[in-house]
Amino acid sequence: MDPMAQSLITVDALSVEYWTRKGKIRAVEDVSFALEKAETLGVVGESGSGKSTLGLSLIGLGPFPGRIVKGKITLKGKEILKLRKEDMRNLRGKEICYVFQDPMTSLNPVKKIGPHFVELIRTHDPKVTEEEALKRAKKLLKDVGIQPERINDYPHQLSGGMRQRVMIALAITLNPSIVVADEPTTALDVIVQAKILDLLNVLRDAYGMALILITHDLSIVLERSDEILVMYAGHVVEHSSSKDIYSNPQHPYTKGLLKSIPNIELAEQKLEAIAGSPPDLLNLPRGCRFWPRCYYVMERCRQEAPPLMNTGAEHFTRCFLYKEGKKL
Amino acid sequence: MKSKIKRSMLSKILPGLVSLEKRGLAGWLIIFGAILVGIIVAMNLISPWIAPYNPSAINVGQPLLPPNSQFRFGTNDLGQDVLSRVLSGGGIMLQVSILSVIVCLVVGVPLGLSSSYAGGVIDRVFCLIMDSIYAFPGLVLAIAIAAMLGRGVTNMALSIAVVYIPSYFRVIRSQVLSIKEMPYVEAANAAGSRSRTVLLRYILPNVVPSIVIVATVNFADAILTAAGLTFIGLGVSVDIPDWGWDLTNGQRLLPSGAWWVIAYPGLMIILLALGFTLIGEGLSELLNPRLEQ
Amino acid sequence: MILILLTMVFVVVRVLPGDPVLLHFEKRADPATIEAMRQRLGLDKPLLNQFFDYFIGLFRGDLGKSMWDYSSVSQQIFSAFPATLELAISSMIIAVLLGIFLGVEASKSYNKPQDHVIRVFGIVTYAIPVFFLGMILQIIFGVGLHLLPVGGRIYPTMEPLGLNIGNFHFSTGLYTVDSLLEGSIYKFVESLRYLLLPSLTLGLVLSGVFIRLTRSNMFETLRLDFVTAARARGLKESTVTYGYALRNAFLPVLTMMGLQFAALLGGAVLTETTFSWPGLGRYIVDRINFRDYTAIQGAVVVFGIFVSIVSLAVDLLYAYLDPRIRL
Amino acid sequence: MLPIQRREKTVSQNDILKVEDLKKYFPVEKSFLEKMLTRSRSYVKAVDNVSFSVRKGEVFTLAGESGCGKTTTGRLIVRLIPPTSGKIFFENVEITALKGEALRVLKRRIQIIFQDPYASLNPRMKIGDAVGHPLEIHGLARNEEKRKRVLQILEHVGLTPSEKFVDLYPHQLSGGQRQRAAMARSLVLQPEFIVADEPVSMIDVSLRTAIIDLMLNLRKEFGLTYLFITHDLAIAKYISDRIAIMYLGKIVELGDKQTIFSNPMHPYTQALLSAIPVPNPERKRKTAELIGDVPSAINIPPGCRFRTRCEYAEEACKEKEPELIPVSPDHYVACDLAEK
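Chains as they are written, first to last, in numbering that gives the first Met the number 0: chain A, 0 to 327; chain B, 0 to 292; chain C, 0 to 326; chain D, 0 to 339.
No wet-lab data here; the hints were simulated from the structure. Using N, Cα and C, we set each Cβ at its ideal position, and we do this for glycine too.
Below, computed lysine-lysine pairings styled on BS3-like, alpha-carbon distance capped at 25 Å:
id	chain 1	residue 1	chain 2	residue 2
1	B	K179	D	K98
2	A	K110	C	K235
3	D	K256	A	K258
4	D	K86	D	K22
5	A	K21	C	K111
6	D	K22	D	K319
7	C	K107	A	K81
8	C	K235	A	K137
9	A	K138	A	K93
10	A	K194	A	K242
Here are some, though not all, of the chain C residues that point toward chain A, as calculated from beta-carbon distances under 10 Å:
id	residue
11	L223
12	F225
13	V226
14	A229
15	G233
16	L234
17	K235
18	T238
19	Y243
20	N247
21	L320
22	R323
Restraint ranges, calculated between C-beta atoms of paired labels, are given here:
id	chain 1	residue 1	chain 2	residue 2	range
23	D	G99	A	D101	41 to 51 Å
24	A	Y153	C	K111	29 to 39 Å
25	C	S183	B	R251	26 to 36 Å
26	B	S173	D	K147	36 to 46 Å
27	A	Y153	D	F25	19 to 29 Å
28	C	N163	A	Y153	47 to 57 Å
29	D	E143	B	S173	39 to 49 Å
30	B	S173	A	P147	38 to 48 Å
31	B	G118	D	H170	27 to 37 Å
32	C	V188	B	G118	49 to 59 Å
33	D	E313	A	Y153	28 to 38 Å
Isolated chain A, as found in the complex (with noise of 0.2 Å):
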């Protein structure tokens, strides 16, 4: 990502805010990454890490009681965030899409599948005729192989993959520079979830887009992104190319991740776990958010709050093990 190159969108020091009955939860502190075009960002991280946060920031539609407290995305030259509502809203679905996790609930059931992708293409184009829009939006089925008599349908009529099939079509119809996939695959199983990553880095080859894949699987991160944003209680850990990341894991955390995880190919492996319990977000440890389940805990990681660091070929780590430039 080299600065100079106008990168297709950059987020610099992006946090977020929620405002609970039981007190203020920083949901996402401080994330920075740039993305090219036809170019795969992993964001991997376990439940309550601000994942599908970011995610959702980045369409500008923050979950509900959030909200961006500083920071700054930009898409193509434009700075977003300073964009009006109606903008913004011009923004979704035409430059920056949006995929969801479970197709069961992701489609109006009381809506065919045809009039939702006829009124999304008139939204954004009025002059667009309906038939127009359909004939469209049954080329887009093929593309995505679902048949297009289909467009007729319930969504109640169609399976779970087939549904995610039509979300990602509807993501592509005015085909978009970015789209930003929230775990596409978790409520799936495991062979169509391979048949719709394979669909994503198609179209993503076809269409030139880049792509936001958000989930808490690291081997699919691993395997199907070109570079990996590593996230724990609302901070980035670990950011670098999915190459570095599995050769050369550097913050404990990622390094704990990657030994959890089965992995069919070795023969014999002996699993290790991470200590402790996930993060209380209402009330994090002073210090390093990892400190409390960290094996290299030092006393200065519970005082002092680790920077992100670059420490060498785009490799970024945020701990004290590491030292600005190269390894302590």
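Mind docking chains B, C and D on chain A? Use the hints.
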């Protein structure tokens, strides 16, 4: 078994009340509702001492006097002091509603629980009966029953109860059906516990919250229905002070513009019913986590 | 289900303690007249025969003789029914429109003042006894401002006659509709003026339930994935709120309409008494004062059938609107 | 340590559980008109003629996609639902039709752990009561004795200090802790056989291994036998001794872990294994080409039920439903073309 359930329910409700205010709007609704009901009930209990006049004594003052210094709420056509009637007029309403809620609880809850838990033919039969009562215009059925049984507090309470049991039945049944499928109930079955224990220790405690909600709404409805029954002449005999009767009697005086005869008793009925509805609304929001953000 | 209903009404009237005839005369009449009355109404036959007469009568539309004036109960009910129907339909329309509109507005502004105000309004209207609200409105509009008629259904000489083409005469009994059929706008306005206060009273009281139901349903649906997905596709907020959320949130409201119709009729009895509206409700109330139990039984039966028909219609409409239900 | 008599843990070859031609058909809910017009009853063939046996002390895994009948099989064994037909033997005694007291005794020896940690504990019951309740049901221990046994079992599942956890309510525990409490409840009766229905699929990856290791330690300590149900073959590879792959209500392949993963014979197993994501960016591999979607369990294609999606499907596959035939010792495949 009885004591254990009471203890578990009490241990849940007491801490609940204490932590109400920090629960935002829902908490306030409940507190405000409870205060409202408390005041009215207390007022009713101590009315003999604080009422300026004997509520049923007639011609205490000139008939149809508008509110003035002597009769702060004015007098009705029989010259009775409206204020003292308002203070002591809630008795009938409360007795009727409390009695009908008790009957509903005693009959409706066990019926709803056992029938929906047992399932099969019994359940279908009860469902049919309950649904047909439920589909019936409540007041009309109450009128029919009250008309047959004749006047009196117990009769009114009974006719209201009959009309209201189906709502308990429906709420409990929907809860039981969903809880029955929950893994922790299946685990209890898998551990070989008798269905009686499963029903009382696993299902009932989780159904209690919705029963409480239905009960509060039942209270409010019972009050309104009791007033309605009195209004159409099926109320209690004349000599006991009763808001419902005041309203009925007041209707005749409307053309003469004597608004105060009906305004104050009517207001009291609203406040009492409002109190219970507020509690019901607050409780349902409190226990319905999805709404809490 | 209707059968169960009808049997229950029979049980309530005939079987429960307290012999209707005795109650009717309140022990003032001598045994001979009582016995005569039993004969006329066939109450002396064994219970089972009475039950069959009652059912056969039902199918033939004959609900027995009134104890008061021995005229056919079904005739009296048939003439009073349209008035109740008109009141019921108009107040349901008010309740539903008001309920849905305020419910949607409240759900849009969660926890803001607007939401609280609407919610309190919904709770308060629910807690007001129908007849009390009726009286208050009567005082304000009728006695006070003389704007609207206080009672009755229309000025005696003004009954709309409905459609009259040659000797063909068709009238629905609903004054508003009949006056339109007759083509007289003046009568239409007049019947509306009379209809306004009672239907407003009943409508307001019922709107509380719909407000709360629409609000919580809308609130829930607005949280679902397909609504956020619609927003993520850049659809206009209005399409999302009404096209997506309301269309799904409306289904439970529809079911509630069926259930609330029963409560509405209950309310109608009171409203008719307050506004002396010549409907079935008032018919029952008068008959209670006369202790005319066969009439009460007849009216209650008609109410029951009416409600069952409506709930059946609502179920069919629900199945039509929700594609997931296969008929 | 637990004062129970230590059961000598012999990995005897005799089967603790045997299932023969188990079937479970659920009648399809007919819509209003269908009820009136048609007489025919269609069924969801959730479990369609399944037979297998589990050896004592083994972790036997039922793996397959959602809707293949693995969970239903688990519930049949624990007698939560009655089977449509077929027999179940526990320690060579038929338990399919067991009733009353005998059934209650059996329930002490077979227990179940559920998938959803948030719903497997009664929200209105303290953890101590929930874990201790089975003891009460079977009258094994009363107050003081019960509390002691509960504290001990909580320590065993890693909920330490157990005095603290005993008085907590489920909503005060994390997902992983709740699953441990549910396991404690199933262990308090010292069962011999545990059906674990997707015990870790709703738990964060980092904590999953801890629960799995706990299950394996408990197996060693109490001589338990597990019927492990999962859709995640990667976890299956880690924890199980033998694996049965299920598809649309039938077992299509069965064998010990090594053979299944090194030499999968059934095309469906091959497709399953190739679809599992492997956490290694270098390795680009081809996913098996499977046609279309899983057919509905109401009208299962005649003959081999996988042929509609199988690359190698031939005419022969249409006629006969392939039996589960041994291809090599302890490796069974339900596909006639397996040898090719």
